[in-house]
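Build the complex from these two chains, which are given one at a time in their own frames, with help from the hints.
One letter stands for each residue in the lines below.
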Amino acid sequence: MDVALLEELALTGALVGTMYGLVALGIVLIYKTSGTANFAQGAIAMMGAYVTWAFATWAGLPTWLAAVAAVTVMFGFGVLVERILLRRMIGQPVIMILLLTFGLEVFLRSAAPGLLGSTIKRLDFGIPQAPVFIGDVLINRAYLIGGGISAALIIVAAVLFSSRLGILMRAVADDQGASWSVGIRVERAIATAWGLAAITATAAGALWGSMQGVSWSLSLLLVKALAIAILGGLDSVPGVLVASAFVGVCEGLATGIIDPLIGGGTRDIVASVIIIVTLLVRPYGLFGQEQIERI
Amino acid sequence: MMFYRRSGILHLDYRSERQLWPLRFDRFLVATVIALLLAAPLIVNRLYLVAYLVPWLIWSSATLGLNLLMGWAGQVHLGYGAVMAIGAYTSVHLVRFGAPLELAMLAGGVASAAIGVVFGAAALRIKSLYLAMATIAMQYIIDFAIIHLPGVSGGVLASIQVPPVRFLGLQIEGDLSAYYMAFFVCAMIALFLLNVDRTAFGRALAAVRERDFAAEIIGIDTFKYKLLAFWASSFIGGVVGCVLVVCYLRTVSPDQFHLDLSIQILAMVLLGGLGSVLGSFFGAGLVLFTPIVLNVVIGAAAVRFGFQIDADLKAHLPLMLYGTLIVAFLSIEPLGLAKVYGNVRNYFLLWPFRTART
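Protein chains in written order, with the working numbering: chain A, 1 to 295; chain B, 1 to 358.
Same shape as in the complex, but just chain B (with noise of 0.2 Å):
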């Protein structure tokens, strides 16, 4: 098990050594996961790739947009499905109006931040306490917004189509179009966080999480950063609004935006750790598939065992589970998945020796 190999690897200029990875092993990790997605249509059967692949891109995309506010930017967002839902209406409407989808989904993403802003400014300028309440407060107000505006949602009940679109010149109709589209968009927000790091904003975030004092002292404008970063967030959190409802939903309607959204991806950032690209994919996989097992499991038990599962246990079972698991890992591992992805990393990285020599 000596994959992850790190010998032989002299880094001659700083070209080399701010490459995003290093390590031959990880760079044919990526590469294998980036061909085996791309290939992934071929591979497996049509049922998974709408019900489980999708769905996994899209809310991973989700996922990355909400951990740039959260582990990059040390702020909080508690209603980051409202703001999906904004960029989700924005471009429904747009196209529908005979925009391009490109176009659409850019404006949805401008909408998003446009009107997120306004809900985070105000407690930006004070603590992540009253931010936490302000986007709660941005949520339900959002939902009655859309509810109540018949422009918007056409109606308490109404649900919209989405009518055919195009996507860089890709039709998107079928199942195969609509997985590629989810790809393309996820990569390239995955493509955006990861260099984050690398530019004078990303460091300027981290000092602002670390301690946004310290970072006002050393010239950093901390609330001009934390809006930024608020824009940012939202701004893809509109652009994955956008992505979900054309490559997955299909329609808009205001109940796909409800709080339960955002809690379910505020649990994908945290149980796959803040701050790690990584960790948002495995956040988004734990969250989204964990419940489906359980719900297999527990089906098959109770017919293996004979006994009957009740019906509002089997409803609430998906947010007793997110609950239990946001507690376990805040108070056992706050830096989730990534942080244990990482640890096994480390592991191998001095195998079969248990500590570097100092």
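Okay, chain A solo, but in the shape it has when bound (with noise of 0.2 Å):
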């Protein structure tokens, strides 16, 4: 196997990774302020992408006003699953609370095929074919514009942790009672990740979208997703970044290198042996904070 393969499959896993990134991004944040994970992020996703795919075909509109559109559409969304579904479970087991997500992913995934048809729809931004080289490595020019601005996405999630809303939501995170009682409105808050978390999704989405197209399997994104949500740590959002390059290439790697030699499909498990050998080896993550219960 020669060097220069390898540095192609890693480098390319490495911006694929930061793609399911952007997905994971959602998790950590409802996680860190509600302290439940969303189960329902994958499907959030693939209804992102096609929303996207919605307006583009639909209303006529080029595909990256499209994909604003869907963002804007998207994070109404978001805000109205946590109002509607979400807040009359405050209170409620953790789980309940996962499962009903986990409720709305089965929901979401099957409705959308269901109802636009299960036809692969395709997404067009207009990036040129060509690759990119770099060096003597050959790149995809659209895994290194969606690397690019996936990267891009999470590095400014992590600047808005220190601003006004994030400092606002880090209370939340803490401690729901405390940030209560000095006036910080919880139920807004906690609205807000959710918001951010479809936007998230959805520009994950579109971006997967018009690489492989836009189908139920882009909610396949939620195992990769949470691999690098409990890599990275749950609360951690600068976990996320490095998580979702490991993983990526990880998943570059294996593919390449597992694949020729039984035929195919590793793919498909390198999140869940990373979900597997994390909760073994160190079950909060690189980056998570260590929760100890207080009696």
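By construction, these hints were calculated from the structure, which means they are not laboratory data. Misleading hints may appear alongside valid ones.
Covered stretches of chain A (in silico footprint by chain B; criterion: 3 or more residues with CB under 8 Å from a CB of chain B, positions within the stretch not fixed) [stated by the list, open to error]:
1) 35–45
2) 80–94
3) 97–110
4) 223–233
5) 267–281
Computed from the model, here is a short list of chain B residues facing chain A with C-beta under 7 Å [what the hints assert, rightly or not]:
6) ALA51
7) LEU53
8) VAL76
9) SER128
10) ALA134
11) TYR140
12) GLN308
13) LEU319
Using N, Cα and C, we set each Cβ at its ideal position, and we do this for glycine too.
Next up, the structure:
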């Protein structure tokens, strides 16, 4: 196996991973504010891609404008999900809330192809097909742009956490009751987190949709996002960036090295293996805060 | 409607107070249902027996197994289909090697439990949230392993035929013997779960479910009991996986145990009611039969009002329905159909009075 191929696989993997990271970012945001994982994140990414496609096809908007419109709509969708479904669950055990989001995932994942047709929809951002050479490594232009946008968005999110809104959300994450008593609107902070999570998911969904087409399989991003979120630490935004690159590189290398040996399909389980290994070795992730329950 | 009569029931010793169904009417109901199920092959059409009753019994058994973990121990499992797959493949391979079915079935259960615990153990040390992730990862890894290990699946697209088997002296060949075998296993599992509450194990699980660190303080080894519940639940899953292939599917192939099966059983537990034996049967019935009924209704409506149903929509309708039902039940009636039945029963316990005199 020559080095150039490995380099290429690793670099492409890192870029792809960063796009997964965008989905994971939403999981981390929601976990930070409300303490539950959002298992609907994959389906929300898929729905974002479908909405982008709908704007591009039905309203005839240019694709990038359709993506912007979809991001706006999906922000509203995220907020609505929190308002209608999640808020009435406050005080219920975490498992119940988690299962509710999983139910939402099941519904969305089947409703979108069920209502809009299960054929793969094309989404074209007009990115040229010709690859870019960095040194002697060949990189797909779409991955480069997608990865760049994703990394930028994750960094923006990390910066956002030191703004007023970010401090507010961190306060809610730390202690909901205490935040309430100093006048922070806890519900609004959680709703904002859901809206932002939907935005990042939509961005990821649209980017992926432009590469592999829009179909229900976009919701499989959930497992990869979970792997990243757990590896980086469920409550760490910088962790997302590091873990996403790691997961992406692992996936790229595994696909390149193991696939020829066993005949394909490795890509789908790398994320699952990373979840299990992380739980075995370092359950709170690379940058996560260890939780100590006080009695 | 004063069937659920409580008057005249006086417990004179602990034994009578702790019996499973203190109310005469409840005992009567249970006996009727068991009698009806035993006589079902004589009553209902053979087609209904195979297409509805057998799957209902098998899926109810699986629901009971998952419910032990989710309802009794308060943990979560999103990859129960994979657990059943391990049991199914283990037992079928053993039977093909000439092992008796009873032994193969138990071995399937043990294999499921052993492999399942490997995945669960890491996550059980931490919060339930992590268990959800570990089990969903398990689903994908087991799927992958089964497909890619030719020794297990017999190749990517292969399916393995179940050879002729005997179960407790009964030759499993026709629909009838398969029905009675499924009934027997289901009854055993239900009996076990009905009695779990009356054991130290069951009470420990209840404590763990309600608040695990409080349980730790009163001297319950939380991790041990979570692990035991996980083990027992996976064991049942493996056994049911074996029953599923022997009595219903007759051949085993990797695509029967995908995430869809896990979602289906999860929905059964949630809709039926966490921690309820009766609810598990309700939930399995609701989840299995609603898509069929809905399909018939929509089909009839399509003919009546002359519109076309999209094939895509038809294919995705069951999952849409499960998703909707999970979300609706969790937000409106988190304890499921068992609670709905319980409300009705409580109403009639006091009828014609509205509330008990306090």
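Problem set entry | Numbered hints the structure breaks, given as an ascending list | Result: hints 6, 7, 12 break, sorted rising.
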